[in-house]
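Note that the protein sequences, when read in sequence, are chains A and B.
Take the first sequence: its position 302, counted from the start at 1, is 302 in the numbering used here, and no numbers get skipped.
Take the second sequence: its position 68, counted from the start at 1, is 647 in the numbering used here, and no numbers get skipped.
In case anyone wonders, no lab produced these hints; they're calculated from the structure.
All values derive from a computational prediction rather than experimental measurement.
One thing to keep in mind: the hints can contain errors.
[What the hints assert, rightly or not] Straight line, CA to CA, 30 Å or less: simulated DSS-like cross-link-like pairs of lysine-lysine:
1) A:LYS314 with B:LYS666
2) A:LYS319 with B:LYS701
3) A:LYS40 with A:LYS149
4) A:LYS547 with B:LYS706
5) A:LYS474 with A:LYS392
6) A:LYS513 with B:LYS758
7) A:LYS40 with B:LYS608
8) A:LYS567 with A:LYS547
[Stated by the list, open to error] According to the in silico footprint, chain B covers these stretches of chain A (three or more CB under 8 Å from chain B):
9) 165–174
10) 334–341
11) 569–576
Cβ atoms here follow ideal geometry from the backbone N, Cα and C, with glycine treated the same way.
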Amino acid sequence: MKKLLLGNEAIARGAYEAGVKVSAAYPGTPSTEISETIAKYNEVYAEWAPNEKVAAEVAIGASISGVRSMCCMKHVGLNVAADPLFTCSYTGVGGGLVAVVADDPGLYSSQNEQDTRLIGRAAMIPVIEPSDSAEAKEYMKRAFELSEKYDTPIILRTTTRLSHSQGVVELEYRTEVEDKPYEKRIDKYVMMPGMAKKRHLYVEDRLKRMAADLSKDPLNRIEYGDRKVGFITSGIAYQYVKEAMPEASVLKLGLLNPLPDDIIREFAENVETIYVFEELEPLVEEHVRAMGINVIGKEIFTRQGEYSANLLRKAVLGKSDAEPPMAGLPARPPVLCPGCPHRSVFSVMKKLKLHVIGDIGCYTLGAVAPISVIETTICMGSSISTLHGVEKAKGKDYIKNWVCVIGDSTFLHTGVNSLINSAYNGSTGTVVILDNRTTGMTGHQEHAATGKNLKGEPAPAIDLTELCHAIGVKRVTTVNSFDREELAEVLKKETQTEELSVVICKAPCALLKGQVFPNKVFVDGEKCIGCGACITCGCPALSKDGKKAKVNPEMCNGCGLCASFCKFGALEKREVVKK
Amino acid sequence: MSTNIMIVGVGGQGTLLTSRILGGIAIEKGYDVKLSEVHGMAQRGGSVVTFVRYGECVREPIVEEGQADVLIAFERLEAARYHHFLKPGGVMIVNDIVIEPITVISGQATYPTDVLGSLEGKYKIVKVDANKIAAEVGNQRVFNTVVLGVAARHMDVEKEIWLKVIEATVPPKTVEINKKAFLTGLGE
Numbered sequence: 001m002k003k004l005l006l007g008n009e010a011i012a013r014g015a016y017e018a019g020v021k022v023s024a025a026y027p028g029t030p031s032t033e034i035s036e037t038i039a040k041y042n043e044v045y046a047e048w049a050p051n052e053k054v055a056a057e058v059a060i061g062a063s064i065s066g067v068r069s070m071c072c073m074k075h076v077g078l079n080v081a082a083d084p085l086f087t088c089s090y091t092g093v094g095g096g097l098v099a100v101v102a103d104d105p106g107l108y109s110s111q112n113e114q115d116t117r118l119i120g121r122a123a124m125i126p127v128i129e130p131s132d133s134a135e136a137k138e139y140m141k142r143a144f145e146l147s148e149k150y151d152t153p154i155i156l157r158t159t160t161r162l163s164h165s166q167g168v169v170e171l172e173y174r175t176e177v178e179d180k181p182y183e184k185r186i187d188k189y190v191m192m193p194g195m196a197k198k199r200h201l202y203v204e205d206r207l208k209r210m211a212a213d214l215s216k217d218p219l220n221r222i223e224y225g226d227r228k229v230g231f232i233t234s235g236i237a238y239q240y241v242k243e244a245m246p247e248a249s250v251l252k253l254g255l256l257n258p259l260p261d262d263i264i265r266e267f268a269e270n271v272e273t274i275y276v277f278e279e280l281e282p283l284v285e286e287h288v289r290a291m292g293i294n295v296i297g298k299e300i301f302t303r304q305g306e307y308s309a310n311l312l313r314k315a316v317l318g319k320s321d322a323e324p325p326m327a328g329l330p331a332r333p334p335v336l337c338p339g340c341p342h343r344s345v346f347s348v349m350k351k352l353k354l355h356v357i358g359d360i361g362c363y364t365l366g367a368v369a370p371i372s373v374i375e376t377t378i379c380m381g382s383s384i385s386t387l388h389g390v391e392k393a394k395g396k397d398y399i400k401n402w403v404c405v406i407g408d409s410t411f412l413h414t415g416v417n418s419l420i421n422s423a424y425n426g427s428t429g430t431v432v433i434l435d436n437r438t439t440g441m442t443g444h445q446e447h448a449a450t451g452k453n454l455k456g457e458p459a460p461a462i463d464l465t466e467l468c469h470a471i472g473v474k475r476v477t478t479v480n481s482f483d484r485e486e487l488a489e490v491l492k493k494e495t496q497t498e499e500l501s502v503v504i505c506k507a508p509c510a511l512l513k514g515q516v517f518p519n520k521v522f523v524d525g526e527k528c529i530g531c532g533a534c535i536t537c538g539c540p541a542l543s544k545d546g547k548k549a550k551v552n553p554e555m556c557n558g559c560g561l562c563a564s565f566c567k568f569g570a571l572e573k574r575e576v577v578k579k
Numbered sequence: 580m581s582t583n584i585m586i587v588g589v590g591g592q593g594t595l596l597t598s599r600i601l602g603g604i605a606i607e608k609g610y611d612v613k614l615s616e617v618h619g620m621a622q623r624g625g626s627v628v629t630f631v632r633y634g635e636c637v638r639e640p641i642v643e644e645g646q647a648d649v650l651i652a653f654e655r656l657e658a659a660r661y662h663h664f665l666k667p668g669g670v671m672i673v674n675d676i677v678i679e680p681i682t683v684i685s686g687q688a689t690y691p692t693d694v695l696g697s698l699e700g701k702y703k704i705v706k707v708d709a710n711k712i713a714a715e716v717g718n719q720r721v722f723n724t725v726v727l728g729v730a731a732r733h734m735d736v737e738k739e740i741w742l743k744v745i746e747a748t749v750p751p752k753t754v755e756i757n758k759k760a761f762l763t764g765l766g767e
C-alpha cells in the first residue's frame with residue numbers, strides 16, 4: 001500500500017518493519033513525530049525519557065539484551081546523549097541499535113546549527129542519510145542490518161526539511177527478528193581501560209572495513225549524465241541538485257561516515273568539474289580534498305541555513321530571475337499564545353524589573369518585544385546553573401534582582417541536576433519553574449510529572465515540590481501563574497531572602513486539550529482612552545482599532561491579563577460560556 | 580512538470596490540514612507528490628508556509644520564488660509577503676482578513692493599507708472573506724475549507740475526489756461541516 005508519510009513517520013515505519021522492539025526519546029523539533037508515530041505500534045515498547053542521555057542508555061540496554069532498539073533526538077539532544085553513544089561506539093551492539101538524529105539547518109526551532117555528521121565522525125559511529133521519505137524508511141531498515149553486521153550503533157541523520165516533508169512511501173509488513181541471546185562479555189561491554197584499548201582497535205578496523213565494503217553498496221550511487229559537471233551530495237541536498245541540474249552527473253552518498261573512498265575516486269576520474277553540495281559543514285568536501293581531488297564547495301555554497309534548488313542555480317549558473325519580495329512589510333515572528341500562563345508570569349517579572357535567565361521552551365519567546373524579559377538562553381536545563389554561576393562570580397547581593405525560569409519538562413530534562421548543584425553549593429538564588437503541565441513547544445508531549453506516558457497510559461507523576469525538598473531546597477512555593485499579586489509578593493520576598501528558593505508557577509498551557517475557557521475580555525469604549533497600556537502585555541488577541549483597544553474574540557481565551565494592565569477599568573473579563 | 584501550490588498563513592490557522600488535503604488529492608489522481616510542513620516554535624502565531632508539489636516525478640519538496648501555480652493565503656499580509664513565489668499570471672487566493680502581527684500590535688510597524696493593490700494585473704487575484712462565509716456555514720473554524728473550495732475552482736480536479744479526500748482527512752466529527760464549507764467555497 002502506498003501512503004504519504006512525513007520523513008519522521010517513514011523513519012518510524014522503517015523501524016517498525018525492521019522489527020524494532022524498544023524506542024526511547026525526549027521530544028525535540030524536528031524529531032518529535034518519530035516517537036509519536038512509533039508509539040502507535042503495539043509491537044514496540046516506546047517511551048519518553050527525561051532526556052536524550054537516558055533515552056540512549058535505554059536503547060543501549062535493550063540492544064545489549066539482544067533486541068533491536070532505537071533512540072531519537074534533535075541535533076542538540078545528541079550532545080546530551082554523546083557520553084553513552086561515544087562509548088557504545090566501542091562496545092558495539094547486541095541487537096541492532098540506531099540513533100536517529102535530526103539536524104536543523106536554518107534554525108527553524110533550535111539554538112544552533114551544528115552538524116551531526118561531525119559528531120558521528122568524532123564518535124566513530126557510522127552515519128547514514130536518506131534523501132526523502134521512501135529512502136528514510138528503507139535506510140532505517142538498512143541501519144539495523146548494518147548495525148548487527150558491523151557490531152556498531154548507527155546514526156541515521158535527518159534534517160528539518162526531510163523530517164517535515166511528506167512523500168510517497170510503499171508500506172511493507174513487519175519482519176519479526178529473533179532476539180540475539182544475551183552474552184556476558186566483559187571484554188565487549190565493560191569499558192575499563194584494558195578492554196577499551198582493544199575495542200578502540202576494533203572500532204578503527206570496523207570503519208576501514210565499512211568504507212571498503214560499502215563503497216559499492218546501493219547506499220552510495222553514481223548517476224552519470226553530463227560528464228563535464230558533477231555533484232557529490234547527500235540527503236535532501238540531492239533533491240535540490242536533481243531539481244536544478246537534472247542533466248548533471250551525481251554521486252549520491254548515503255554513507256557519510258566513514259566516507260566511501262573508492263566510489264568517490266571513481267566519480268572523480270570520470271567527471272571534469274566537481275561540486276560538493278552539502279548543507280552545513282564541509283565534511284565531505286574536506287575529505288575529498290584530502291584525497292587530492294579538486295572540488296568546488298564552500299567557496300560558493302554557504303555553511304549557513306537551508307539549501308534549495310534556487311540557491312544552487314544562483315551559485316553555479318548565476319541565474320536569478322525571480323521577482324523580489326515586497327519591501328517594508330511588517331515581520332510576523334512567533335508569539336506566546338493568547339491565554340499563555342508564561343505571559344502573566346513575565347508581566348510580573350517585568351514590573352519588578354528583574355533580570356531573567358531563560359531556558360529552552362516556548363517561554364524563550366519572552367526575550368522579544370514587547371515582553372522583553374528573558375536575557376539569556378543557552379541550552380536545555382542551563383538556566384539554574386547559569387544563575388548559580390552569576391551568583392558565585394558576583395556575590396549574593398548582586399542577584400537579589402535576578403531569577404531564572406525553566407519549564408516543567410525542561411526542569412526534569414537536565415534542570416534537576418543544576419538544582420542539586422545549587423543546593424549543594426549554597427546558592428541563594430530564586431528558581432522559577434514555569435509548570436504548564438506539558439512539553440509545550442514541541443507540541444504537548446507527556447513527561448514524568450504529567451501522570452501519563454508516551455502511549456497515553458496512566459503513569460506515576462513526580463511531585464515537583466517534593467522533589468525540590470528532597471534535593472534540599474527548603475523554600476518551595478506554588479503560585480497560580482495568573483495570580484499576579486501573589487506572584488509579585490512571593491518573588492519580592494524570595495529574591496531578597498538569602499536562601500535558595502523555588503517558585504512553581506502553575507497553570508496549564510493554553511493549547512492543552514480538554515480545557516474550557518469560559519471567559520472573554522470585552523472593551524468598554526466609553527472608558528477606553530486609547531493609551532495602549534493593555535497592548536504592552538504582548539497578547540496577539542489585542543490590537544487597537546483606531547483609538548480604542550480591540551479584542552479579537554476568536555483568539556481571546558479570557559485570561560484577563562490585559563484587563564489588569566488597564567488603569568481605567570476599560571477591559572472587563574466576562575463569562576460567556578456557562579461552566 | 581509539476582503543479583506547485585503554496586499555502587501561507589498565521590500559525591494556528593490550519594495550513595497543515597489544507598496541505599494534507601491537497602496531498603491526498605494528488606495521491607487520488609495517481610501523481611507523485613511531496614509536501615513540506617512547518618512544526619515547532621514557528622507555529623506559535625508566526626508566519627507559516629507549507630508547500631504541495633505533484634506531478635510525474637517530484638524532486639525537491641519546497642516551492643521556490645517564481646514557481647507557484649497557486650498561492651493560497653489565509654491572511655492578507657501573508658499573501659503580500661509571499662507573492663513573489665507565484666509564477667507570473669499565477670492564481671492568488673486570498674482570505675481577505677487582517678490579523679495584525681505582534682510587531683504591528685506593539686507599535687513597531689504599521690499594517691500596510693491596500694497591500695495587494697500593486698499586485699493587480701500581475702496575478703489572477705481572488706479575494707474572499709472566508710471567515711464570514713464559514714460563520715454563515717455554521718463554524719468559523721472551517722474557513723480554510725471555504726478557501727480550499729475557492730481554490731478548487733481554479734484546479735482541474737473532480738468534485739467527487741475533493742469530497743472523498745476531505746472526508747478521509749478532516750476529523751470525523753467535522754466531515755459534514757467541512758464538506759458544506761468546501762461546496763460553498765466552490766460556489767455550489
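List, from low to high, the hint numbers that the structure doesn't satisfy.
Number 11 - this is the single hint that the structure violates.
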